Amino acid sequence: MKFNQYTIHELQDKLAAREISAVELTEAVFARIAEVDDQVNAYITLNKDEALVQAAAADKLLEQKKGGPLCGIPLAIKDVMCTRGLRTTAGSKILESFIPPYDATVIEKLREAGAVICGKVSMDEFAMGSSNENCAYGVPHNPWNLDYICGGSSGGSAAAVAADECIASLGSDTGGSIRQPGSHCSVVGLKPTYGRVSRFGLLAYASSLDQIGPLTKDVRDCALLLKVISGYDRQDSTSVAQPVPDYLSALEPGLDGLKIGIPREYFAEGLDPEVNEAILTGIAELRGAGAETVEVSLPHTDYGVAAYYIIAPAEAGSNLSRYDGVRFGYRDKEADSLLEMYEKTRSQGFGDEVKRRIMIGTYALSSGYYDAYYKKASQVRTLIVEDYQKVFSQCDILVSPVSPMPAWRLGEKTDDPLSMYLADALTIPANLAGIPALSVPCGFSSAGMPIGLQIQAGHFNEEKLLKAAFNLESALEVKGQKPKL
Amino acid sequence: MEFETVIGLEVHAQLKTNSKIFCTCTTEFGRPPNSNTCPVCLGMPGVLPVLNKKVVEYAIKMSVATNCAINYRNQFARKNYFYPDLPKGYQISQFELPIAEHGYVDIEVDGKISRIGLTRIHMEEDAGKLIHDSHEPRSYVDLNRTGTPLIEIVSEPDIRSPREAAAYLRKLHAILRYLDICDGNMQEGSFRCDANISLRPAGRDEFGTRTELKNMNSFKNVQRALEYEVRRQRDILLDGGEIIQQTLLWDADRNRTNPMRSKEEAHDYRYFPDPDLIPVVIDDAWLDQVKQSLPELPEQKRARFIDEFGLPAYDAEIITSSRDLAEYFETAEKIFPQPKKISNWMMTELMREMKGEDGINISDCPVSPENLANLLIMIDKGAISGKIGKTVFSEMMESGKDPQTIVKEKNLVQMSDESDLLKIIREILADNPAQVTQFKEGKTKVMGFFIGRLMKKTKGKANPKLANQLFAQELK
Ligand SMILES: [Zn+2]
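Chains Y and H, in that order, give the protein sequences. What the first sequence shows, in our numbering, is residues 1 to 485, in sequence order. What the second sequence shows, in our numbering, is residues 1001 to 1476, in sequence order.
Check before you lean on any hint, since a few could be wrong.
[Unchecked claim] Taking CB as the label site, the calculated pair distances span: (1) I99(Y) x E1370(H): 27 to 35 Å; (2) A335(Y) x D1251(H): 27 to 35 Å; (3) C1038(H) x I20(Y): 49 to 57 Å; (4) E50(Y) x C1038(H): 22 to 30 Å; (5) M1260(H) x D332(Y): 53 to 61 Å; (6) C1038(H) x D332(Y): 49 to 57 Å; (7) E1010(H) x K259(Y): 38 to 46 Å; (8) Q242(Y) x C1038(H): 38 to 46 Å; (9) Q1300(H) x D332(Y): 55 to 63 Å; (10) R1254(H) x T414(Y): 54 to 62 Å; (11) S419(Y) x M1260(H): 45 to 53 Å.
These are computed hints drawn from the structure, not numbers from a lab. Computed from a predicted structure; not experimentally measured. All C-beta atoms in this analysis are idealised placements derived from N, C-alpha and C, irrespective of residue type, glycine included.
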């Protein structure tokens, strides 16, 4: 195996034992990027020179046995988190020249832990999309089949991990943006509890839904990376001062006493039969590990997509107002008046999907429509929260598909935004309720495209997710399978 | 036809916290453009606001002092609009759930006390400033002020005249200054006011169509602008015309209002709860703590000054109209415990000298309360005459020196030595035999002539009481 194909925890041992150096490892990653990224197109911006400097520094610490948990580990970062001195575009033309003067809190934490930052990876513009086709810097391709989408919006993060163009990555999840590409690319993806990870430095899409999380090659790496990035941050008022447990200690074999809820609404009409079959196989394995299953109901699931496509665009419309050409980023220089400068800057700087959502959001908050849209959507959100509260008194975790279908062909749904929105129906409710949810590889379709299994739990119950996912991963023979590139 | 004036005021008061409302930048005034900024107040991508607790504390103080009900759970909301002085494209304010509601203050105009209701008080951030190039079609943005904490105090339409409006504003201003939470400078914009005004036929309940007045940057301008607008609306109504609902800008130079361009006011702010900030929760313990830290407020102080110092109500009202004046008074009174004499001097000499556009700004006064007290002691003891005292006071205003030094330097000590005075008096009497004769014939008014001569010769330093005595003695 090549160095870049290993997991974080395998590399921790090899680096500590000085079997390999961080510089060699980083060079292996960049060699892989050079080899495949013109096909995969996962990266928007490479950080090679800086990464090698970081790797050399990591090697020094490793020599002195002073390295943090990620010392010398090359990571890829979704291009929506601010990296000091390294361009951050959010996949948008409007930020084509934006170089943040500060690090996001998660980036600070990664640097403290000794990580090497290889570069910034592709995403749907401002995290708006489910296929990563809305990106001003080219579309990433699914490493399992280059004709297919890799999912979105953290498509670059998932593709880079799947193609071994990094060891692990960070993504952000507003309505499924970590879990869905994780599922489509056969990597583990976790959206933590809202407030578990600081959002400071994350370019906001929908502030009340956004959460940063890891995309990794296995469940152990997921636990490891989650531990590094979690915790209260006084710079983010919505982060929660809840102690960070040692997630790795949750990874024990055996699920005796665990009660799994199977939500009826997640297996409704329209679910791809191959996905259904893979999930049922997964559930059987979980039962085999000792878990009990019970059928449960989340009756308001169907309204999740509608509520989401009011709340998220409403917040987005406001969050994206700062991209006005006045202080940073793209500006149309031909305009004769202030109003024209705003109009031209924003109509040229933003892509179609972003404009569509800004318009939806603006409409939903307009005077006379607020009660019918935003307020109603907020009420639906409360009902969804209550659904979960009821269900988690009956079971510990919920198991379901991540996406109703495996990855589709590039371009297949680009003219039909509504069908793309509906593809997020199974991931959106967790964001609306702020609960943690994880996607773990669970099999492949007959066309060879990956299928992920989703696990959801109550607030701050990430350990339950990780434990169940770890047991499933151990029982299945999916982990370690690599796409042929 | 008789009309009744209906006015409601919206007051913005900048809170004098050390740092801004959502970041740690300083709020210091007068720094070079854009130097008091950081990624948070510049609205850079990815940054988040963190509420300065001091702002909540100050807002609670004002809410309690104006008899408002505190909302134990209140929330920030976004007010969305585009303008280059607003970096995020929205202002963080409060909308559905402000920090306080349903308060009131009492005001007095011509001896009549009126209660003005407060609809609400809410916290928000200030915007930056645009500086327009006067030569080129170009504007500069200074974001130093962006994120400075404000409270907005919204009154009910309970104000019935421009004078009441001015009295209400003075009242709010005094309370803010007493609480020491706002420096109250209207020219620098740390205390700003917009007004809604309409007229209705006397006796009718429904409101007339209102206009909104902006750009009035002094108490006097608020009153003048409202008086102008009352006349303008009355003329239109008497002509059978209709008032157009619009925003008007006061032009203090031309003494008139001008309509704002309609494009600038057609806003739908699309308020919604700010998802970056959790609701503000105030508990009883916090509220009690703030209540206990409240200073004596104007009305309480006024009552105490009447009670403790025996000041007339009129004097007490003026002296307690600002916290600084009251403090000045109390400091002087400790050294020279004759309250009425101090208030007399303060209300005449001192206020005449210190009166500005927005009332008395005593903190700039070069005469310290200690020095005023010392001056009064010198007069009281007869070291100088009252008349000389006024000369010394003017000199103190000019140089800031203490009265003892001035009296010594200018050799103004009163002549109270009998033998020195007698020598001069005898000379005067010898030089003016005709007047002496007149006096002896019963024309006692001639005494004024003699005193005048004496004062001229002594440059006003002769002790007048003693001089009268000696003249009388010599003329017997
Ligand atoms: Zn700042």
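Hint check results:
no.	hint	verdict
1	I99(Y) x E1370(H): 27 to 35 Å	violated, 58 Å
2	A335(Y) x D1251(H): 27 to 35 Å	holds, 30 Å
3	C1038(H) x I20(Y): 49 to 57 Å	violated, 41 Å
4	E50(Y) x C1038(H): 22 to 30 Å	holds, 25 Å
5	M1260(H) x D332(Y): 53 to 61 Å	violated, 27 Å
6	C1038(H) x D332(Y): 49 to 57 Å	violated, 27 Å
7	E1010(H) x K259(Y): 38 to 46 Å	violated, 57 Å
8	Q242(Y) x C1038(H): 38 to 46 Å	violated, 28 Å
9	Q1300(H) x D332(Y): 55 to 63 Å	holds, 59 Å
10	R1254(H) x T414(Y): 54 to 62 Å	holds, 60 Å
11	S419(Y) x M1260(H): 45 to 53 Å	holds, 47 Å
Going through the hint list in order, the structure does not satisfy hints 1, 3, 5, 6, 7 and 8.
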